[in-house]
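There are 2 protein chains.
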Amino acid sequence: MEYRFSARMGKLSGNATREILKLIKRGGIISFAGGLPAGDMLPSAELAAVTAEILNSPRVKEVMQYDVTEGAPETRAEIAEYLGGFGVRNIGADDVQIVSGGQQGIDLACRALLDKGDYALVENPTYLAALQIVASCEAEAIGVKAAAGGLDLNDLEDKIKKYNPKLLYVVPTFSNPTGGSYSADNRKRIAELTARYGVVVVEDDPYAKLRFTGEAVPSIKSTDKAGNVIYLTSFSKIVSPGMRIGAACAAPDLLRRMTVCKQGIDVHTNSLSVAVIGEFLKRGIIARHVEKVLPIYKKKQKLIVECLDRYMPACYRHTDPEGGLFIWGRFEGAKIDTQTLLPEAIETCKAAYVQGNVFYADDSGHDCLRLNFSNPSETDIERGIKGLGSFFKKKI
Amino acid sequence: MEYRFSARMGKLSGNATREILKLIKRGGIISFAGGLPAGDMLPSAELAAVTAEILNSPRVKEVMQYDVTEGAPETRAEIAEYLGGFGVRNIGADDVQIVSGGQQGIDLACRALLDKGDYALVENPTYLAALQIVASCEAEAIGVKAAAGGLDLNDLEDKIKKYNPKLLYVVPTFSNPTGGSYSADNRKRIAELTARYGVVVVEDDPYAKLRFTGEAVPSIKSTDKAGNVIYLTSFSKIVSPGMRIGAACAAPDLLRRMTVCKQGIDVHTNSLSVAVIGEFLKRGIIARHVEKVLPIYKKKQKLIVECLDRYMPACYRHTDPEGGLFIWGRFEGAKIDTQTLLPEAIETCKAAYVQGNVFYADDSGHDCLRLNFSNPSETDIERGIKGLGSFFKKKI
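The listed protein sequences correspond, in order, to chains A and B.
The opening residue of the first sequence carries number 61 in my numbering; numbering runs sequentially from there.
The opening residue of the second sequence carries number 61 in my numbering; numbering runs sequentially from there.
Hints listed in this document are in silico derivations from the structure and should not be mistaken for laboratory results.
A portion of the hints provided could be inaccurate.
Copies of the same chain are indistinguishable here, so a pair counts whether it falls within one copy or spans any two.
[Unchecked claim] Computed list of lysine to any residue pairs in SDA-like fashion (alpha-carbon distance at most 25 Å, straight line):
#1 Lys-121 <-> Lys-342
#2 Lys-446 <-> Tyr-257
#3 Lys-219 <-> Gly-152
#4 Lys-121 <-> Ala-108
#5 Lys-395 <-> Val-365
#6 Lys-176 <-> Arg-64
#7 Lys-395 <-> Glu-275
#8 Lys-219 <-> Arg-443
#9 Lys-446 <-> Ala-405
#10 Lys-176 <-> Arg-316
#11 Lys-453 <-> Ile-151
#12 Lys-342 <-> Gly-177
#13 Lys-85 <-> Asp-154
#14 Lys-176 <-> Phe-451
#15 Lys-453 <-> Gly-393
#16 Lys-85 <-> Ser-117
#17 Lys-221 <-> Lys-352
#18 Lys-176 <-> Ser-437
#19 Lys-85 <-> Ala-140
#20 Lys-453 <-> Ala-374
#21 Lys-342 <-> Glu-141
#22 Lys-176 <-> Gly-88
#23 Lys-342 <-> Gln-125
#24 Lys-342 <-> Val-120
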């Protein structure tokens, strides 16, 4: 039968990294593609212990039944306290909506705000799923230029005036894909500028806890006076992606709309994982786990920088992130298309990256690539970058 | 700040049952409102055992990391086999998309198909979340008349001709809210009719395993020759709603679009719960659990029918379901508005039901109410219906 698919779906193809992940799952490939935490650094013993405790207590009934869409109040209260660490203060359980992974927060925010034909501003480049979500709302994503220390504020104001966007989506700390961060001043001015024009900021902040050098910078939300910033956090990068637990914090009217959206989408988030995250926070397991992980990520970041400098072509320039999971690079002035070369790279180097253009609202960045350094082992980083380096040298 | 919410959200208010559930969670209320399985009948020991086994095995790494959007192939293979029990045969893991609760299957199907201004046919009355989801796609839900043994096929064909709908949403087995079921012939003719006009059927079938009397009837999907039926199953009603695990089975092109939708929404479903459901199916835990539950549900259904006949006003007519969780009633010819009376009923009887009108595409059914009989205890059923009976008698 001929299916009559929705127009919004016509715009969407599969997510590049998800498709690559499928390929990699077949094995034998060194993956710099995913956004996975180090597999050997997941708090599995703590997960097993806390889960067993919950399932062998009277709480088992609670986690097996339906919950409210907002998620268990105990966990929301813990998250509200946890958000203080990002400068989000004076909030309680009712200011938090638990989401099925931080990405659901982006989807809920976009569905609550975006109509067909609306505009959403994003940093260029940005998290590719955000681009897909904006497209799924039949809205258009417009890229804002990056500058030293954050967004180019002149370009931001020009594009706000030109497009009258309903929202601005940013990953201001250890950005996916670049690993870059916005300065405190840049964040403050983004909050002021968007408030002045009535633009909602979706601040996606899943990496902030993963800082291994430099000074912590307060979130954009921490400077939000107008109530126009939706703050999104996630436990995927610091505890476990498979649990699919994140949280949104926003002004009551905004959060309420997101909750009503979520009611229709999945009713509520997996109750057992919500309860486990609550216990993890209460017992300081997450804080201790992050302390344990950071030196390893720092070492891997240092190693991948060394390998990139040693093995990649001379025209290759890369970022030097102070935290997070990703490092970003560009082949300057070279005729390299990382998208068309990816299948051959996987084939010949047995190593996978993500092509840069998928992170651009305007499909530029074909000469860029994103590399994840948290998941591959040190041996694989050395071997994989060496392989990719000689591969790209042959292509120039 | 003034928020500019999307038009689709303007149409949505909170889901009635979710709001009532919040009220009830404060305690002291006998709830006939939710769609909850019996709290004392959840397989909590099995859940604790199987979960511990997975988390203390090498599989723990797998369930803690990102998974493919489709969900773990092992679990999908088990579900493909399980669907044979509903007459859905000759399928494998690749024909199954795991969803975050059966309701997500409705959302994915609607997002893949419905554009603003499109029409979706539903049985009148139908599952209220389906009405919300259609509205969230800015499409319009049109009610199709029910007849003895299923949908009124003439009305169905008339409305297909009149509205050229993209999909028909039905709960053909132990319907939510009525508890009624479609005959085998009615199902076959629904499949034929919709295929002829190129209408996709979303067959939502979470209750089929909960038959305590009468003969099992094959699913609409089992008669699908054209590939126009999306079959949705759920483990919420037979294992645990809190786990949020369901599955969709459809023709490759349809399923692929739903998978791309899901990538943007929540990446994938909670991996631990997906793995647990896989083990539950493999070990026959679900089949044994259902056998254990059915006699209790049968007894509760018999009891609520007796209580309704004994205590409710003479003008009250109810269904007599052969399975599922719900019984439906109407105050015939009486000036009863179950919606306006609900707060007072909860206040005076300390018992909650769901008002009938929320299940209607056209907001009719104000003289109807839905009662859940699986979750309240036998004592509470007796006490609650007695209270509601005398309450409504006073209102006539």
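To see whether the hints hold, each was checked on the structure:
1. Lys-121 <-> Lys-342: For Lys-121 and Lys-342, both the intra-copy (21 Å) and inter-copy (23 Å) Cα distances are at most 25 Å.
2. Lys-446 <-> Tyr-257: This pair counts as neither: shortest intra-copy Cα distance 48 Å, inter-copy 58 Å.
3. Lys-219 <-> Gly-152: neither (35 Å within a copy, 49 Å between copies)
4. Lys-121 <-> Ala-108: Both: 18 Å inside a copy, 11 Å across copies.
5. Lys-395 <-> Val-365: Answer is within; shortest intra-copy Cα gap is 23 Å, inter-copy 76 Å.
6. Lys-176 <-> Arg-64: both (19 Å within a copy, 13 Å between copies)
7. Lys-395 <-> Glu-275: neither (37 Å within a copy, 68 Å between copies)
8. Lys-219 <-> Arg-443: neither (43 Å within a copy, 63 Å between copies)
9. Lys-446 <-> Ala-405: Within. Shortest intra-copy distance 12 Å satisfies the 25 Å Cα cut-off; inter-copy 72 Å does not.
10. Lys-176 <-> Arg-316: So Lys-176 and Arg-316 pass the 25 Å test inside a copy (22 Å) and across (23 Å) alike.
11. Lys-453 <-> Ile-151: For Lys-453 and Ile-151, neither the intra-copy (53 Å) nor the inter-copy (47 Å) Cα distance is at most 25 Å.
12. Lys-342 <-> Gly-177: Neither, since 44 Å and 48 Å both go past 25 Å.
13. Lys-85 <-> Asp-154: Answer is between: at 16 Å across copies they meet the 25 Å cutoff, but 40 Å inside does not.
14. Lys-176 <-> Phe-451: neither (43 Å within a copy, 48 Å between copies)
15. Lys-453 <-> Gly-393: Cα proximity of Lys-453 and Gly-393: one copy only (13 Å, versus 83 Å across).
16. Lys-85 <-> Ser-117: For Lys-85 and Ser-117, only the inter-copy Cα distance (19 Å) is at most 25 Å; the intra-copy one is 36 Å.
17. Lys-221 <-> Lys-352: neither (46 Å within a copy, 64 Å between copies)
18. Lys-176 <-> Ser-437: neither (44 Å within a copy, 48 Å between copies)
19. Lys-85 <-> Ala-140: between (36 Å within a copy, 21 Å between copies)
20. Lys-453 <-> Ala-374: Within. Shortest intra-copy distance 9 Å satisfies the 25 Å Cα cut-off; inter-copy 87 Å does not.
21. Lys-342 <-> Glu-141: within (10 Å within a copy, 41 Å between copies)
22. Lys-176 <-> Gly-88: neither (43 Å within a copy, 45 Å between copies)
23. Lys-342 <-> Gln-125: both (23 Å within a copy, 23 Å between copies)
24. Lys-342 <-> Val-120: Answer is both; intra-copy 18 Å and inter-copy 22 Å each pass.
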